[in-house]
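Spelled out, the chains give:
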Amino acid sequence: MSGTFDGQAPPVEVRDLTVAYGEAPPILEKINFRIRAGEIFGILGGSGSGKSSVLRNVIGLVRPRAGRVFIFGQDLWADDGGHLNDCRRCFGVMYQAGALFGSMNLLENVSMPMREFTDMSAEAIETAARLKLSLVGLSGYEYYMPARISGGMQKRAAIARALALDPGLIFLDEPSAGLDPITSAGLDQLIKTLAKNLGLAFGVVTHELGSVMNIVDRAILLDKEIKGIVAEGDPRELARRSEPPYVAAFFNRQSLEKAKGEGPAEGGSKRRPGRIE
Amino acid sequence: MKDGEGFNLKLEKGRGGLTVHLSGPLTVDVRRAAWEDFPASDGQGQSLLVNLSGLSALDLNGSAQLLSAGAKSGQAGFKVEYGQAPQDLTAIFELAREALERAAAEPPAPVGFFEELGRKIKETQKDLVVLITFAGELMAELLRGFRRPSQIRWNSVLSVAEIAGVNAAPIVSLVSFLVGLIIAFQSAMALSQFGMTIYVADMVGIAVIRELGPLIAAIVLAGRSGSAFSAELGAMKAAEEVDAITTMGLSPVRELALPRVLASILTTPLITMIACFAGVFGGGLVLTAMDFSLLIYWQRAINFVSPATFYICVGKSFLFGLVVAAIGCQRGLAAGDGPGAVGQATTSGVVSNIVAIAVLDSLLAVLFYVWNI
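Chains A and B supply the protein sequences, listed in that same order.
Once you know that position 208 of the first sequence is 208 in this note's numbering, the rest is easy, because the numbers rise by one and skip nothing.
Once you know that position 80 of the second sequence is 1080 in this note's numbering, the rest is easy, because the numbers rise by one and skip nothing.
Note that these hints are calculated values from the structure, not bench results.
Computed from a predicted model, the values in this text were never measured in an experiment.
Check each hint, because a few of them may be wrong.
Which residues of chain B face chain A? A few of them, derived with a C-beta cut under 7 Å, are [claimed, not checked]:
hint, residue
1, 1031
2, 1032
3, 1100
4, 1108
Simulated restraints on C-beta separations [unchecked claim]:
hint, chain 1, residue 1, chain 2, residue 2, range
5, B, 1047, A, 79, 45 to 55 Å
6, B, 1012, A, 119, 21 to 31 Å
7, B, 1240, A, 254, 29 to 39 Å
8, B, 1012, A, 61, 23 to 33 Å
Backbone N, C-alpha and C define an ideal beta-carbon position, used for all residues, glycine too.
The shape of chain B in the complex, shown without the other chains (with noise of 0.2 Å):
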């Protein structure tokens, strides 16, 4: 005899078979523990009947441990028969096991890995043509600003400079300083044991200015401008302001879209030179505490600068600003409906950003190589 809560459970064998009999609440309250001898194993065709004459409660919950023990008996071989239950415990008795007859009348489709599959493939596709439709959209516009510079938004654009942009330069300083230090530190440790340590001065140059400037402006901007144009816009499309632009007539991409873009692309390369500046000022910083001159430090790295490094720092900060608010952009307007979508647009604008930015500057750094810039 098992006793949970007061429900008790007694098992009794008979000639014809088993009998259960339960006695006091069979609730919610019901511990698993209580149903251990209610049979479940070698059936062999044996009747199991289930007295229920002695519940003094029942509830769905209840009704349904008692179907869910039913269920597994009669899958190990017993014929199980429920007996009649107190007149007033029948009706929700039955509203169970009617229930739980529909339910098994329809089962449920679990969705297939092949469904599944499909289903993810299917929505890339879709994502793939909305990208690509953003992506034209947003050139024409682009383009269309260029002629008629006067129908640009230039309020906005200068607002989301300032927001997006130039509140931005601290931290992307901060991060940048720090890099440059780091990487200062580190090749003056190895250079050291040749006494080329002034020679960390041509690597930091190159480094920063080549590479690490325009990377890390991108990928802070893309997790504090990017992520914030997506979580806007995401929360504008969920409060239907983006479906009452484009209701009055006007492009989302043109009102939402381009004074955002525009600002990045002004603003990154402004942001990238900071960036660059604080790397190669961290590195110097480094060599400073070594006894080495600020000055020829500073006359080291810029001279080992060629025009074309410089140049390529510029357009690659241009297009990564480009790329970083388009993204963002996109993500948001493409964001789906409810509280959600607003969270998800913003860690699938970031997580886009920061991929798109690695590849871009990957296939870029490919591209110079071929092109011997």
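The shape of chain A in the complex, shown without the other chains (with noise of 0.2 Å):
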């Protein structure tokens, strides 16, 4: 793949690191994972666990209080000029609600990075432009603006955009937020595909368990109570276990005190009035 420094290291590498916002204190401490080549790799965890923000700092948008980005082996914060921007072609990110330019057609929106960051001529440009649609199942879309095609489509051409650059690594925010089964398992099937055919590795931030059982080959766990990883490994693996609660809760849609073993018998209630979990 093109555009990636080294090719022994891997995709991305995250050591130490200290997620915080301003002077707040720190959400997420100390926290390490690594993502492999060609492998699907999940960041999960429940609302305000701080997923979204660690994806914030591995991809460049906030500089972490403390620790160390790696991608491809270049550490993301070396310096303040344009090494940052060098990674950041490295790696393609499909946003939450897709980002397309809503100005653009769909085909100007994947030439775009190209037409920036490349030499190609405007015919190969085109052409990749196409292609790339192609492989995500929007070729006839290309001349279609983005508010005249449905979610799903505007993640699907993100995708294709993500792609522009034939990163080595995609990350994914949401994939499935706001879609219905169907689309989302046709977006779940799309990213297999990529991942299996073009050897991409994918850092997928996610809470949705579906999507995650389906496509996800490991994953992290952020737990928002001790400030880290509660759990790393093969997501199907982690289901099945019973302990940490958390861990356990998370993955079988149990309340926490459910796994704690607290929870209500069936037919009664233990909940305190005014709480709610």
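Mind assembling these two chains? They're in different frames, but the hints should get you there.
Set out below in structure tokens:
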């Protein structure tokens, strides 16, 4: 794949990352994980656990309070100059709502990074953009404006744009959010196909268990209580665990109380008044 | 031979046709100049074999460059054939070829001129229906409000009146003052040649009170308050707050638009009066600088303004206040979904408001002329 610094280094390596906003106390402290080449890696966690914040640190939108992020062996924050942008060109990102440019049609959206960063001819850029739209199943929609296509199609087009510079790594922020189960399953299949056929590594931020079980090879689960990673591994294996309770609760869609064995008996309720779990 | 980041292209002429040997990494980094020797003219049915066996790396953009060059050669009359790529690169090349074949099988449908025109006409028609519906609903709510004033949310009206109306007074005064000053200065330059400088007072009085005061107040309010209404209601629409009001069985026009429109109707005449005063005062400053008494200027300016002119000024300001708020609110409530919709609604609100004010003022000028007022 093009745009990678070092073929031997893992696509992502995060060392002792502390995630925080401003002067506020950190959301996550000293977390470590690694995304291997060709794997679909899940960054999981409940609402407010900091998974999107981790993504913003890893893709270079927010400078970590502490720790280092390596993309294909290169320290993302090694200097404040153009190095960061060089690193950013090694990966593609699909944002939660697609983030397609509303004033451009799909072909222009996908072509834009190629026009900016390559010396390919105009015909080759158009061919490459059509190719990528075809790969995500959007042949025939090249001249559609983003507002005219469905949410699922917008996410597919966003993946095509993330593929524009042939990165070896793609990040997906909540790919299933706002999609119906059929569209979501189609998108999962597309991610699996791209990972298999192009050998891409994917970093997927999600809390959709259906998607996780369907596509993710390995995952970390973030917990805001311990401000770190509570479990790491194959999500299907993690789902069989009963300890720690947070892991069991997350993968089995239970309340934390029930996972701790403090849950209400059938027909009864132990929930304290005014407290919503 | 071309060299682009280690990529090489070598053209070989044989009896049966041409052969292009590609070697090195064919990736996104290959520059367009590397393809200059790729045959692209006078094919005349010759065969063109592309030998891929020397490639060391291949990605989708590299494949796209090759297939694009091959397609160009095909159009120039060559029979293009691709040789076998190294084993580890075959899959990606075949993937790219298949994707492009699928794309060719489903050609894109560019939006034609007439389709676009039709869509625009339909959108305009829909827009017009929405606008008329809103105007009707607003009038009904206004009448209902006059019949039962206790049902109007006066707290909201006063709050909007302060933010959108009273707070606009300084900027309206400044603009009007400067316009009055400029008019007086320019006309004094001309009239002083005939010894008629004092008539500047009559001119500024009638121009500012009859036309410019209401106009300046309306345009500044359109840019300041009308746009704020569009943005506020557009953001509420995007956040589904308007839907929430509707599903509660309430009317968004009554709850959201009516307080803003009433506040605007009530404050615009006052703002307009301030604008007129500031404009006339601006003219007075010029004449004072020319050694005329401010008191004489003021008397002439005010005496020249008939009661009818004053009523026209007040009437216009009521109308402009209604139009500015109504259009601002309507654009906000008609905003689409998504983050860009608020910006579009705001722009649309300001543009529509300024056009509406200009058209309305012109129509009124013609009507008053015909009625000899």
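Is the distance from the Cβ of residue 1012 (chain B) to the Cβ of residue 61 (chain A) consistent with 23 to 33 Å? 50 Å, violated
Restraint outcome when residue 1031 (chain B) is required to lie within 7 Å of chain A by C-beta distance: Since the shortest Cβ distance to chain A is 4 Å, the answer is holds.
Between residue 1012 (chain B) and residue 119 (chain A), is the Cβ distance one that fits in 21 to 31 Å? 25 Å, holds
Given a hint of 29 to 39 Å, does the C-beta separation of residue 1240 (chain B) and residue 254 (chain A) actually sit inside it? Distance hint for residue 1240 (chain B), residue 254 (chain A) holds at roughly 30 Å.
Using the Cβ atoms, figure out if residue 1047 (chain B) sits within 45 to 55 Å of residue 79 (chain A). Hint holds: Cβ distance 52 Å, inside 45 to 55 Å.
Just to be careful: measuring from the Cβ of residue 1032 (chain B) to every Cβ in chain A, is the smallest value less than 7 Å? 4 Å, holds
With a cut-off of 7 Å, does the beta carbon of residue 1100 (chain B) approach a beta carbon of chain A closely enough for the hint to hold? Holds - the Cβ of residue 1100 (chain B) comes within 7 Å of chain A, reaching about 5 Å at its closest.
Under 7 Å is the threshold here; is the Cβ of residue 1108 (chain B) close enough to any Cβ of chain A for the hint to stand? 4 Å, holds
Consistency note: the structure conflicts with earlier hint 8 alone.
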